[in-house]
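Participant: Protein chains in written order, with full-length UniProt numbering: chain A, 1 to 145; chain B, 1 to 139.
Hints may contain errors.
[As the list claims (entries may be wrong)] Have a look at the derived ranges for each label pair, beta carbon to beta carbon:
{"#": "1", "chain 1": "B", "residue 1": "36", "chain 2": "A", "residue 2": "26", "range": "24 to 34 Å"}
{"#": "2", "chain 1": "A", "residue 1": "123", "chain 2": "B", "residue 2": "133", "range": "14 to 24 Å"}
{"#": "3", "chain 1": "B", "residue 1": "22", "chain 2": "A", "residue 2": "9", "range": "46 to 56 Å"}
{"#": "4", "chain 1": "A", "residue 1": "60", "chain 2": "B", "residue 2": "25", "range": "19 to 29 Å"}
{"#": "5", "chain 1": "A", "residue 1": "23", "chain 2": "B", "residue 2": "81", "range": "26 to 36 Å"}
{"#": "6", "chain 1": "A", "residue 1": "60", "chain 2": "B", "residue 2": "132", "range": "38 to 48 Å"}
{"#": "7", "chain 1": "B", "residue 1": "60", "chain 2": "A", "residue 2": "14", "range": "48 to 58 Å"}
[As the list claims (entries may be wrong)] Listed next, the in silico DSSO-like pairs over lysine-lysine satisfying Cα-Cα at most 30 Å (straight line):
{"#": "8", "chain 1": "B", "residue 1": "135", "chain 2": "B", "residue 2": "125"}
{"#": "9", "chain 1": "B", "residue 1": "41", "chain 2": "A", "residue 2": "75"}
{"#": "10", "chain 1": "A", "residue 1": "95", "chain 2": "B", "residue 2": "54"}
Hints in this document: simulated from the structure, not taken from any laboratory.
What you are looking at is a predicted structure, and each value in this text was computed from that prediction instead of being measured.
Glycine included, every Cβ here is placed at the ideal spot set by N, Cα and C.
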Amino acid sequence: MPVYVDISRCIGCRSCEVACDRVHGGKGHVNVHFVGSLASVPVFCHHCEDACCTMVCSTGALHKEGDKTAFDVDKCTGCGLCQLACPFGVVRTDKIAHKCDLCSGQEMPTCVMTCPANALSLDFDLASRRARNRAAMLITRGGRA
Amino acid sequence: MIKVDPGKCLGCLSCSNVCPNQNIVLLQSADTRTVHWKKCKEECDLCVEFCPAKALALVAYDELVPESEISFELVACRVCGSRYATLPMLMKVEASLPAGMQEDASGLEWIRICSQCRRDIEAEKAAGQVMKERKRISP
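Work the whole structure out from these sequences, hints included.
Facilitator: In structure tokens:
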């Protein structure tokens, strides 16, 4: 279960990046990318079902725990293969691997709590529910969706 | 001391990271990575145990054997050209992943693209729908 982004809400403020850095001792794993001057997208770990990073990890440091791609820091040798195996470029190696742990121990990841634009959530359907609600609101006011 | 099999070594960061005595030195420049194994007299075999390619072995100390060193030219990213990985590491990743996962929907061989560019591509894809709407509003 990853952090989902409602890109139409992202304002590119990089608060999620800063929050992640703060919680993970300056080695955060959120990167806000800008697409031209019109859109910004924070790129997160997808916690892939068939996670490539776990397939190349030779010590089992990266492994699946239910629907989460978990990381056991004690087993990591920092070889760097996971960074090369991540299709989204969100695993980083700096002596050891650094990747999203959904702020384990917390009920809600810090990036989700911090986002001032409410663009982040753990709810897969939230963005499409909002879009449907906006369309419904328009129609009730006599506009066109 | 440690014996290296140059045919197996990936040029990864594992052994230099786990060595408790800094006997394995990593030298990295913009386009080359060199791993240098000093001749240690330790009986420690942490690097042997954790080598993902099983390229290392603990052998008896021999004064006559020179220190080992392997240099790897770093592979350039197909998008931005920055050098980001050793070829054996990329080949190891390619050998570890199912063939169907090594190309994205557009046929891009993403393993040969650096992390930064992979994120850029992901961001562009994710922003597709939003960009269409915003271009319509502010062309």
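Participant: Give a verdict on every hint.
Facilitator: Evaluation of the provided hints:
| no. | hint | in the structure |
| --- | --- | --- |
| 1 | 36/B <-> 26/A: 24 to 34 Å | holds (29 Å) |
| 2 | 123/A <-> 133/B: 14 to 24 Å | holds (22 Å) |
| 3 | 22/B <-> 9/A: 46 to 56 Å | holds (48 Å) |
| 4 | 60/A <-> 25/B: 19 to 29 Å | holds (27 Å) |
| 5 | 23/A <-> 81/B: 26 to 36 Å | holds (34 Å) |
| 6 | 60/A <-> 132/B: 38 to 48 Å | holds (43 Å) |
| 7 | 60/B <-> 14/A: 48 to 58 Å | holds (55 Å) |
| 8 | 135/B <-> 125/B | holds (15 Å) |
| 9 | 41/B <-> 75/A | holds (26 Å) |
| 10 | 95/A <-> 54/B | holds (20 Å) |
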